[in-house]
Amino acid sequence: MIRIFEGHEPPGANPVLDAMHHARKRVFVDLLGWDVPVVAEVFEIDQFDDDHAIYIIASDDSGAHEGSIRLLPTNRPHVLGTIFPSLCDASVPVGPQIFELSRLCLSRGLRAARRLEVRNALATAVVQFALQRGIAGYSCVADSSWLSQILSLGWTVRPLGIPQMIAGLPTGALLIEIDADTPAKLRAAGTHVPMRILPTAAIDREAA
Amino acid sequence: MFDRDDYKQVVSILGETSDDNRVYEALERLTFVLGFDRFAISHHVDLLHPPVGAYGLTNYDSDWLNEIITGQYFLDDPVQISCDGRNTGFLWPNPRMLETLTPRQRYIFEQGAKRNLRGGYTVPMHLPGEYAGSCTFATSRLDTVPSEAMPAAFFAVSFAFEAMRRVVRLRAGLELRAPPKLKPREREVLILLGRGKTYGEIADILHLSEHTTHEYAKRIMRAYGNIQRNNLIARALFDGIVTYPELLSMH
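Going line by line, the protein sequences match chains A and B.
With the working numbering as the guide, the letters of the first sequence map in order to residues 1 to 208.
With the working numbering as the guide, the letters of the second sequence map in order to residues 1 to 251.
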C-alpha cells in the first residue's frame, strides 16, 4: 500500500518513517556511498527532513518498506535550492506550486519486476498528490543512474540547466511538469498504477 | 563552451516529441551544439534484419552507412562491444579499447578515420525489457570537444532514447502495456513451465488438478495478449517477471 505522511518525526516515533530512514541508509550510504548524515548508525536523516517534508511510502503486506520518496516545498530550503543551485541556468524554480522530489529509495532485495512496480506506484501517487494539491511541477536533481528511470515514467521533463559532473556522475536539475494530461502520459508509458488517494494520511490501491 | 539556450531547447524538444523527424533534427542540432560532427543512435541489432521495435537514426554519410551495413561492421564494432555491461558514457578510442582490438576492428576504425570519424563519445543504453543500444557522437578531432560536452551529451541522449520509445509506441499503434501482474500461484506455474515441467508434473508439485494448471497457463498467456506458449518464457524473462536463477533451479 501507499501512504502519505506530512512532516518528519524523530526516530522511534513512527515505525513506517523509521523503516524509510533505515532503507535510505542502506541505499544511499551503504550502497551508493553518499556522504550524508546517519543517526544512531541506522537512519539516514538530513537537514531537509523537517516539519515541512512530505513522504510517500510504499509498503508490502507485512508493512515492510518497499519504496519511498520525499517531497519538499521549494519556498523553503531544499536540495536544489540550497546545495546545487549552480545546476540551474536561471534562478531555482520556487513557489507554492512547485515541490522538489528527492530521496527516491527502492528497498534493496526487491526483485527487478517489483522494483518497477513500486517505482511506478510512487510516481502515480506523486502525480495524483500534485493534481489534488495544485502542484504544477516537481523539480529534482538527477544523476545518470536515475535519469532514464525518471524519463521512462512518461511524464514531461525539462532541463533547468546544463548537466555537470558531480561526484563522478553526470548530474542535472530537471523540472517535471504536472497537468491534467500527466496521468494519460503515465498510462501511455505503461507506468500508471490504478489507485485512489484518500484525503487522510493513508491511501489504498484499488483492486486491479 | 557551447550555447546553453540551444542545448536546453534541443533537450526540451526531445522531452516532448513523438515524431522521429523532430528527434532526428534535434539530435543533429545537438551534435553541432556540442562540437561533434556526426551522430548515430540505434539498438544493437542485426542492421540487415532489424527486429520489430528496434530503431536507428543517423546523419552518417549514406556511403559510410552502406559500408557499415553491407560489411556488417556492427557485428564486431569495438565501440558497441565497449557498451556491454556499462551504463556510463565513454570517449573512444581509449587505452582499454586499443589494447584488445582485433585486426578486423582495427580495420573498421581505419575505415571510419578515412571519413574523418576518428573519435567520439558514446552513451550505452540498457533498460529492462528493451534491446541494448547506444548513441554515438563522432568527431574528426577528439581534442576539440569541450569537457562540458560529456555530461550534457549523456543527459540529452537519455532524453533521445525516451523520445524514440514514444516513436516506437506510436508506430506500433498501441499503447505500451506494462507487463501483466501475475498472482503468486500463476508465477509458480510459469516458473515450473520454464523449468520444463509438463502440466501433469506441475499439477503434482502444486497439488492442483491438471485442468486447473492448464487454466492458469491459459490465463497467463491471455494476460500477455494471447502469445504462444513457447514465446511466454522469453517474454517473462525479458520483462523481469521470472529470472534465470529461478528457471534454472538455482533459486
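Incorrect hints may appear among the rest.
Cross-link-like lysine-lysine pairs, in silico, PhoX-like; alpha carbons within 25 Å at most [unchecked claim]:
(1) Lys-185/A <-> Lys-181/B
(2) Lys-197/B <-> Lys-181/B
(3) Lys-218/B <-> Lys-183/B
(4) Lys-181/B <-> Lys-218/B
(5) Lys-218/B <-> Lys-197/B
(6) Lys-185/A <-> Lys-8/B
Just so you know, these hints were derived from the structure itself, not from any lab.
Do the hints match the structure? See the list:
no., hint, verdict
1, Lys-185/A <-> Lys-181/B, "20 Å, holds"
2, Lys-197/B <-> Lys-181/B, "22 Å, holds"
3, Lys-218/B <-> Lys-183/B, "14 Å, holds"
4, Lys-181/B <-> Lys-218/B, "15 Å, holds"
5, Lys-218/B <-> Lys-197/B, "16 Å, holds"
6, Lys-185/A <-> Lys-8/B, "22 Å, holds"
Hint check: no violations occur; every hint is consistent with the structure.
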